[in-house]
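Q: Residues in the first sequence are numbered consecutively from 52, following this note's numbering.
No wet-lab data here; the hints were simulated from the structure.
Treat the hints with caution; some may be incorrect.
[Unchecked claim] DSBU-like mimics (lysine-lysine), calculated; alpha carbons at most 30 Å apart, straight line: (1) Lys478 / Lys197; (2) Lys209 / Lys279; (3) Lys424 / Lys92; (4) Lys432 / Lys150; (5) Lys184 / Lys209; (6) Lys168 / Lys197; (7) Lys134 / Lys150; (8) Lys209 / Lys56; (9) Lys220 / Lys209; (10) Lys68 / Lys150; (11) Lys150 / Lys136; (12) Lys264 / Lys66; (13) Lys148 / Lys136; (14) Lys279 / Lys150; (15) Lys264 / Lys150; (16) Lys136 / Lys115; (17) Lys219 / Lys190; (18) Lys184 / Lys92; (19) Lys92 / Lys432; (20) Lys224 / Lys190; (21) Lys209 / Lys271; (22) Lys148 / Lys92; (23) Lys197 / Lys220; (24) Lys68 / Lys264; (25) Lys70 / Lys56; (26) Lys184 / Lys220.
[What the hints assert, rightly or not] Across the chosen pairs, the derived CB separations fall in these ranges: (27) Ala254 / Gly385: 54 to 62 Å; (28) Arg327 / Ser155: 20 to 28 Å; (29) Gly385 / Leu272: 45 to 53 Å; (30) Arg59 / Phe473: 53 to 61 Å.
Note that beta-carbon positions come from the ideal geometry of N, C-alpha and C, so glycine has one too.
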Amino acid sequence: MLDIKRIRENPEEVKAKLKTRNADYDAYVDEIIAIDAERRKISTDVDSLKAQQNKVSKQIPMMKKNGEDTTAVMAEMKELSEKIKADDVKVSELEEKQKMLLLSIPNIPSDTTPVGKDDSENVEIRRWGEPTKFDFEPKAHWDIGKDLDILDPETASKVTGARFHFYKKLGAKLERAIISYFLDTHTENGYTEILPPYMVNRASMTGTGQLPKFEQDAYKLVNAEDNKDTDYFLIPTAEVPVTNYHRDDILSAEQLPIKYCAYSACFRAEAGSAGRDTRGLIRQHQFNKVELVKFTTPESSWDELESLTKDAERVLQGLGLPYRVVALSTGDIGFSSAKTYDIEVWMPSYNRYVEISSCSNFVDYQARRANIKYRPAAGEKPQLVHTLNGSGVAVGRTVAAILENYQQADGSVIIPEALRRFMGVDKIEK
RNA sequence: GGAGAAAUACCCAAGUGGUGAAGGGGCUCCCCUGCUAAGGGAGUAGGGCUGGAAACGGUCGCGAGGGUUCAAAUCCCUCUUUCUCCGCCA
52 MLDIKRIREN
62 PEEVKAKLKT
72 RNADYDAYVD
82 EIIAIDAERR
92 KISTDVDSLK
102 AQQNKVSKQI
112 PMMKKNGEDT
122 TAVMAEMKEL
132 SEKIKADDVK
142 VSELEEKQKM
152 LLLSIPNIPS
162 DTTPVGKDDS
172 ENVEIRRWGE
182 PTKFDFEPKA
192 HWDIGKDLDI
202 LDPETASKVT
212 GARFHFYKKL
222 GAKLERAIIS
232 YFLDTHTENG
242 YTEILPPYMV
252 NRASMTGTGQ
262 LPKFEQDAYK
272 LVNAEDNKDT
282 DYFLIPTAEV
292 PVTNYHRDDI
302 LSAEQLPIKY
312 CAYSACFRAE
322 AGSAGRDTRG
332 LIRQHQFNKV
342 ELVKFTTPES
352 SWDELESLTK
362 DAERVLQGLG
372 LPYRVVALST
382 GDIGFSSAKT
392 YDIEVWMPSY
402 NRYVEISSCS
412 NFVDYQARRA
422 NIKYRPAAGE
432 KPQLVHTLNG
442 SGVAVGRTVA
452 AILENYQQAD
462 GSVIIPEALR
472 RFMGVDKIEK
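Based on the sequences and whatever the hints tell you, model everything.
A: Right under this line is the structure:
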């Protein structure tokens, strides 16, 4: 959520910056400003009526004590009370309307986010490693998975539906090994491990920005018995439960930065991506991910974004997977983000780099939605924290990248050194 | 899922319709004391919205949301959470 004061005081600046997202929010901004002015006017008026009401209410018991007749005063007060009630309704309607509009406006991109209309104008920041070269015809991970009998989408489509997978044998173990390796690396690096619930309520989904605008992308849970909405959603990412862990909290300055890493399954409806990445592990309705989440002071959040991105890169380096880091352009960054770096791993079957992590600074946008504050010093007023998160990293895509980048001419797959202690083998073969 | 009890500040806790939401602990400051302990005094309800250049005001906050009333921590309704017990269950 943007600061209403910023919109009120610099509407043109807000409009111009939002336009860089390749979308037009002018009408929203204008409506918010109009509603805000009306809301404040009625609210101040009704507040002074309440002040009068409170004053007289204190006098009534005194008058009664002195044996005075209060009938006339009470009749007067009844009228006042009715006026207050009616105006209160108006104020809360306007507040509700204003809030819905504010929740529907995305974050303002940071000044360091490259301006561009879409992903074609993203900017490569750095590369690590070289795209893998083969002296044989490399296979795609879905074929490797089938040949080694470790991935089984066909049975998953019988048991569940399209875009689900069974992992088998060393494939299942590889997924588990990667999760352990990621979590161990991040906890050794100062992150606190969290295992969150996979279902969250509406307030949490709103707090991180998935709702109200993107309800069609989420899985909403319905009670089978009466078919009624439970108000629970399957999490699209651990970012939601982990960020909302501190919803409505006032943290102390000494606690910051707070750094969490969390493994979770993630559930995405993938509305609007029919026909894309239909084979393999790249785009699934359910996938595993280790997420990094930080709560920081406003002063440090930009440095923390750089270190967060490097912390995510660390695990790819540990696995020896070639990747590059890309700064997303204003037209490509997510709704709540002020700046995002994507980490893209080399995927031989795509013959290009494919997103495996997305690291963002949300500045105070999520913190304002989720009401997460900190007290800079004892006695000082609480301020909004800055929140950041990044995948550290997507597990299924890591499996795909390992299978493809470590495949051998004989059809086997070498296990990266870092995973061997979790796998117990150094190779997957027929 | 069923029955009962509870939710007030950093903590404990009083408060069954009416003029400032008691009291204690803790914390902060002051006095006393050579220092410490003990003792005495004062302060300590967060946070939002809002008016104002500021000083300083107004308003809403007793788990949440509604309702009754001139007036609600207090009465009524719905919900949430916690505790005790029963049922079911990995």
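Q: Against each hint, give a clear statement of whether it holds in the structure.
A: Hint check results:
1. Note on Lys478 and Lys197: the hinted pairing holds, with a Cα-Cα distance of about 16 Å set against a maximum of 30 Å.
2. At most 30 Å may separate the alpha-carbon atoms for a hinted pair to count; Lys209 and Lys279 meet this at roughly 27 Å.
3. The suggested pairing of Lys424 with Lys92 holds, with an alpha-carbon distance near 28 Å, which does not exceed 30 Å.
4. For the suggested pair Lys432 and Lys150, the alpha carbons sit about 23 Å apart, so the restraint of at most 30 Å is met.
5. Of the supplied pair hints, the one linking Lys184 and Lys209 is violated, its CA atoms being roughly 36 Å apart against a limit of 30 Å.
6. Restraint check: the Cα-Cα separation between Lys168 and Lys197 comes to about 39 Å, which exceeds 30 Å; the hinted pair is violated.
7. The hinted pair formed by Lys134 and Lys150 meets the criterion: a straight-line CA distance of about 24 Å does not exceed 30 Å.
8. Distance check on the hinted pair: Lys209 and Lys56 sit about 54 Å apart at the alpha-carbon level, beyond 30 Å; violated.
9. The hinted pair formed by Lys220 and Lys209 meets the criterion: a straight-line CA distance of about 20 Å does not exceed 30 Å.
10. Proposed proximity of Lys68 and Lys150 is supported: the alpha carbons are some 20 Å apart, at most 30 Å.
11. Annotation: proposed proximity of Lys150 to Lys136 holds, straight-line Cα distance about 21 Å (limit 30 Å).
12. Straight-line distance between C-alpha atoms of Lys264 and Lys66 comes to about 19 Å, which keeps the hinted pair within the 30 Å bound.
13. A C-alpha spacing of about 19 Å is found between Lys148 and Lys136, which places the hinted pair at or below 30 Å, so the restraint holds.
14. For the hint pairing Lys279 with Lys150, the CA-to-CA distance comes to about 26 Å; that is within 30 Å, so the pair holds.
15. For the suggested pair Lys264 and Lys150, the alpha carbons sit about 13 Å apart, so the restraint of at most 30 Å is met.
16. Note on Lys136 and Lys115: the hinted pairing holds, with a Cα-Cα distance of about 26 Å set against a maximum of 30 Å.
17. For a cut-off of 30 Å, the pair hint linking Lys219 to Lys190 stands: about 19 Å separates their Cα positions.
18. Proposed proximity of Lys184 and Lys92 is contradicted: the alpha carbons are some 68 Å apart, above 30 Å.
19. For the proposed pair Lys92 and Lys432, the alpha carbon gap of about 26 Å is at most 30 Å, so the pair holds.
20. Proposed proximity of Lys224 and Lys190 is supported: the alpha carbons are some 21 Å apart, at most 30 Å.
21. Taking the CA atoms of Lys209 and Lys271, the gap is about 22 Å. The hint holds against a cut of 30 Å.
22. Restraint check: the Cα-Cα separation between Lys148 and Lys92 comes to about 16 Å, which is no more than 30 Å; the hinted pair holds.
23. A C-alpha spacing of about 12 Å is found between Lys197 and Lys220, which places the hinted pair at or below 30 Å, so the restraint holds.
24. Between Lys68 and Lys264, the direct Cα distance comes to roughly 20 Å. Compliance with the 30 Å bound is thereby established for this hinted pair.
25. For the suggested pair Lys70 and Lys56, the alpha carbons sit about 19 Å apart, so the restraint of at most 30 Å is met.
26. Between Lys184 and Lys220 the alpha-carbon distance is near 28 Å, which keeps this suggested pair within the 30 Å criterion.
27. Range check, Ala254 to Gly385: Cβ separation about 20 Å, and the 54 to 62 Å hint is violated.
28. For the hinted restraint 20 to 28 Å between Arg327 and Ser155, the CB-CB distance of approximately 26 Å keeps it satisfied.
29. Checking the proposed 45 to 53 Å range against Gly385 and Leu272 shows it is violated: the Cβ atoms sit about 24 Å from each other.
30. A C-beta distance of roughly 54 Å is found between Arg59 and Phe473, which places it inside the suggested range of 53 to 61 Å.
Violation of the numbered hints given earlier is confined to hints 5, 6, 8, 18, 27 and 29; the remaining hints are satisfied by the structure.
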